[in-house]
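Chain residues, written in single-letter form:
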Amino acid sequence: MSLAAEAFVSQIAGKVPFIHVGNQVVSELGPIVQFTKAKGHSLSDGLDDVQRAEMKAYMELVNNMLLTAELYIQWCDDTTASEITRQRYSSPYSWPLNHILAYQKQWEVRRKMNAIGWAGKGLEQVYEDVSQCCQALSQRLGTQPFFFNKQPTELDALVFGHLFTILTTRLTTDELSERIKSCSNLLSFCRRIEQTYFEEDKDKGRL
Amino acid sequence: MAASMELLCWGGDWDLPSVHTESLIVLAYAKFAGAKLTVKPVDWTWRTITAVIPQLNYECSSVTEPTQILNFLRKNRFNADYELSAKQGADTMAYIALLEEKLQPALLHTFWVDAENYSSLTKPWFAAHSPFPLGFFVPGRLAGAALSRILLTKAEAPLHSITEVEGKIYSDAKECLNLLSHRLGTSLYFFGNAPTSLDAFVFGYLAPLHKASLPSGQLQQHLKQLHNLCHFCSTILQNYFTEAGSGRPHSNQDAVDANLQKLTQLVNKESNLIEKMDDNLRSSPQHRLNRAHRPAPKPSFQTAGRNSTPA
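From first to last, the protein sequence lines stand for chains S and E.
First residue of the first sequence: 0, per numbering that gives the first Met the number 0; consecutive thereafter.
First residue of the second sequence: 0, per numbering that gives the first Met the number 0; consecutive thereafter.
Because the hints were derived from the structure by calculation, they are not lab data.
Computed from a predicted model, the values in this text were never measured in an experiment.
Just so it is clear, CB atoms sit at the ideal spot from N, CA and C, and this is done for glycine as well.
All clues stand as given, with none of them false.
Subject to a maximum C-alpha distance of 20 angstroms in a straight line, what follows is the list of computed DMTMM-like cross-link-like pairs (lysine to aspartate or glutamate):
no., chain 1, residue 1, chain 2, residue 2
1, E, K173, S, D48
2, E, K86, S, E127
3, E, K35, E, D80
4, E, K173, S, D47
5, E, K173, E, E163
6, E, K86, S, D128
7, E, K153, E, E163
Sample of chain S residues lacking proximity to chain E, with all beta carbon distances greater than 10 angstroms (derived):
no., residue
8, L28
9, G45
10, Y126
11, Q150
12, T195
Please put together the full structure from these sequences, using the hints given.
Given below as structure tokens:
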């Protein structure tokens, strides 16, 4: 799909990522996981109730901390927003839509930060929160290959997605990726998943 | 710690020390960690609209938000999480995130957005506990903040309205309650036999839902089916919030001792009366014909002697 068409469909579906199966469009991680589960593929069947509770809790921790921190740094930090984010967000559109959409998105994100109490936080405090979150994840991972047993679960996918994005996106400073790199087991976790699951796709020209 | 710490919070009702979730979290943690707080309810003061609640004032500084207040207490050596391992600390962070993301929107909806609950319980309570003109503004302001929080975090505002996300919010909250119940199992607290900050957070979120008399409470009914969570709330209330001002189970023992003392005194007095009557009966047949009035001085003489002993 071309970039413009993807952007169009994402506006309709509401959120990226989305999958397109037949005439159904399913967006966001939660519904996609449920959709694949309904088709008979599930990663967390082997977990007992307490482990499933822990998995859901850690997924919420990642959403609560990492996702919010990413949004904050992209949109509420003025230097990053003006130099990188707005331009990247508005690139598929022509003038004046690119300006309007970029500012609208920034306004929405700032309102959300206000509602959850992150507006008063400084950048340092946000980095500190990310560090704490990474340490918690690092503690949970320990020396195991994946977060639960020897099989990957939805939590592994979520953590990989966020950490990989943070590590590979170029921002104005490297502070955020440095904080993640300080947890060595998380770094090796990301590398291992990239090599195991995405190396063969590189030949097909994706990623 | 010479200077005392003062906590501003909403007052209590429905058998709870406070009806406000965040105030309850701080109160519970302070009890668990043994921190002595001077609790100042903001009810009927202008602080209902001017202050951010809960607020901890110590010397010249003030701290708001439960997480920040708990961090502050920990730095000042009131640490209920001292015994936890690093992994348990990580689990605490994760479960608190779960509560905030999955349970809190539904709780806000139940108390502040659901029309029946808001008009018959929440609004009258907060209006009655605010000083005269503010009673018209305070509930509305809190309700507006709750609604915007739900819409901004759960719905793609302004595309969706509240009705479209209601179903999802409640099913997420019920799932969260089930997960908490699985995690708690049959233990007394979430990590062993001593309560920690996670117990304080769970108590703060669940106790109002457990105790308030909500006219329309599908989430409350779901909670009542999870007996271990209800028992968890009752245990904490019983052990830490029995009498106002005392936080230990020993206070029950003191009350029992005081009652025992009173009972002993009563029994002593009764036995004195019985002895008096005995003396009357013994002395009266001898002096029945001759001295009808003389027995009077004798018992008083003897009772005067006897009354001095229990004193």
